[in-house]
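Chains A and B, in that order, give the protein sequences. When the letters of the first sequence are read in order and numbered with our numbering, they come out as residues 1 to 318. When the letters of the second sequence are read in order and numbered with our numbering, they come out as residues 1001 to 1378.
Some hints could be false.
[Stated by the list, open to error] Listed below are several chain B residues computed to face chain A (Cβ distance under 8 angstroms; list not exhaustive):
(1) 1052
(2) 1085
(3) 1087
(4) 1094
(5) 1098
(6) 1244
I should point out that these hints are in silico values taken from the structure, not numbers from a laboratory. Please read all numbers here as calculations on a predicted model, not as lab measurements. Each residue gets a CB set at the ideal place from its N, CA and C atoms; glycine is no exception.
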Amino acid sequence: MAAGISTAHSVVEPSPLVRRIAGAVVILYALITIVPLIWIGLTSLKSPPDSISYPPKILFEPTLEGYCNLFTTRSRQTAEYLQGLPAASGRCEEIARQRSMVVVGASNFVPRFWNSVIIAFGSTFCAVTLGTLAAYGFSRFKVPLKDDLLFFILSTRMMPPIAVAIPIFLMYRELGLSDTKLGMILLYTSVNVSLAVWLLKGFIDEIPREYEEAAMIDGYSRLQAFVKVVLPQATTGIAATAIFCLIFAWNEYAFAVLLTSGTAQTAPPFIPIIIGEGGQDWPAVAAATTLFLIPIVAFTILLRKHLLRGITFGAVRK
Amino acid sequence: MAEIRVEHLRKAFESFVAVEDSTFTVADGEFFVMLGPSGCGKTTTLRMIAGLELPTSGTILLGGEDVTFKRARERDIAFVFQLFALYPHMNVRANIAFPLKCEGLPGAEIGARVEEAARILRISHLLDRSVSGLSSGDRQRVALGRSIVRKPLAFLMDEPLGALDTELREAMIHELRALHDRLGATTVYVTHDQLEAMAMADKIAVMNRGIIEQFGAPRDIYDRPASLFVADFIGQPSMNLIDFRASLAPGASELALGGARVAMPELRMGCPERDLVLGVRPEGVRLDDASPLRGEVFGAEYLGTTQIVTVTTAHGAVRARLPASLKVNAGEPVGLSFRPEKLSIFDRASGRALPSALHDIPYAPRPSSIKHAGGLHG
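All chains should be modelled from the sequences, with the hints used to inform the complete structure.
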């Protein structure tokens, strides 16, 4: 709150040599991290023979075969049958004809991808909403057994998820939640809500109570004060928490494999299945992975300003 | 505008009693200051008047209406926080307009009243600025603007100048008092700074450990402290407190301190032999070579026009406020005499002052309070 007090340049500047070394380390780390991603992107544009050639090809003729194979199902036909067909309509049909196949329909990738979007964003929304309200309650009110409750909430994250996989599987089967979007949203919400409560409690603790008290004296109810005064100041924390929750729900594999197989299957368990269809189709897998990365990257870039402040929360005093 | 009555107010946090049996009345239009060290219960009392804390027992009347257990938003009061509590996601105009938005007033009226409040506080040029770029003095004015814009029954202020530096604080003391004189609204002001209290208050309540030690006009509190705590807390430097043991008859106007006879205001009530304390302000102490009360100069603190000279005597150290021109040397033997009319006698055990001629005259309230005609509240 102290205006006019400059906090900039209060830290000793590192020497140029240290800065250069630090810069080099960061660039090296960024390269190590990004090379697999670039490799996946390149593989998605290769033809199947190029993708498994040895030594690996850096320069190759790009093709959309991987993406076509990802979005379609094809069947192999005899040469006579293919000759009897009219000219190929569309790029994917052309590519399929070259491999002695015809496109017979759309693959399951798009519905699976949508499942991922609905389940990940739905569970993130639920976890952040519940987490914000719970964190506010824990931060502002006298809750009986507050510390025990908070520890209990944290303790749900202590065991590996696979430890509860079988009970949850049996429970979901009894309740008819197996292979439903609702079931997956509930599951990911319950896993994420503990993280959300703990992260958001830290943020809300940092917002002085005086703001709400001022609003309540000014004639607002507590709920109005929460919406008009607390939420706008907690956006950084909410954004950071949402990203963490989304990344978990988006990437989650173990429960998705166990609990979804058909209508509610998410992208992570679907992608490995692609390999099995008609030989090892690495370009299709790479194409699926590339597309799978895009939403989370976009969401993170969208909220990156908040995320940076969110990760360093508590370290910087206003 | 309204009178505030607090009756037998008590607040306990589990085993800790923050406020004990507090009873006082703030008259309509009065500037009332609660003064005391941190943890004395002054802020808790203020928060109970605001409705931010609920009392354990007791009654709070605002303009004759019992508001003891009403929510903060149902009491027509404004509160100024120590750290201003300006909403950082709104600009100055939105901050000041925030309480009016809640009342659902038409936009034009909100605009007009915000402009008026800003004009009174001379912050019209800042209305469209973000609050985060403001100096602390301007933030304080915006916080005041937010409270006056609603024309509430009473203003409650919790150390509103605590976060300002000394120079600005002195300027704001004058502004706040002028604002109060202009608006004429009942104000309850909490501070631990006696200079703020003395400079602004019509009435002061000195609090300690949840109890009101003394309630009165600033002069009352300074000239005739009701208890040892008040005597020690008020004044810079504080009152000299000299222990002695005696029995005093009603009507006595002299006491024996060692071999010396000390004149004092005539006692209205006597007491059997017990431990007593003589209280004398440093400005009531003079150097007097003829006095049988002897001591030795320990040192002097130069304050510009005056100096505080500390003299060690057989009864402990005594501080005297003397003209700075007077030459004193450390180690020099001196005699001391006390101006009799402002002496206080306290009972050591109870800590309370013995009633004397000092308490006969009722003090008039703040003489310098100039009421301006007109103003925001008409």
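We went through each hint and held it up to the structure:
no.: 1; hint: 1052; result: 5 angstroms, holds
no.: 2; hint: 1085; result: 4 angstroms, holds
no.: 3; hint: 1087; result: 6 angstroms, holds
no.: 4; hint: 1094; result: 11 angstroms, violated
no.: 5; hint: 1098; result: 6 angstroms, holds
no.: 6; hint: 1244; result: 49 angstroms, violated
Violated hints, listed in ascending order, are 4, 6; each of the other numbered hints is respected by the structure.
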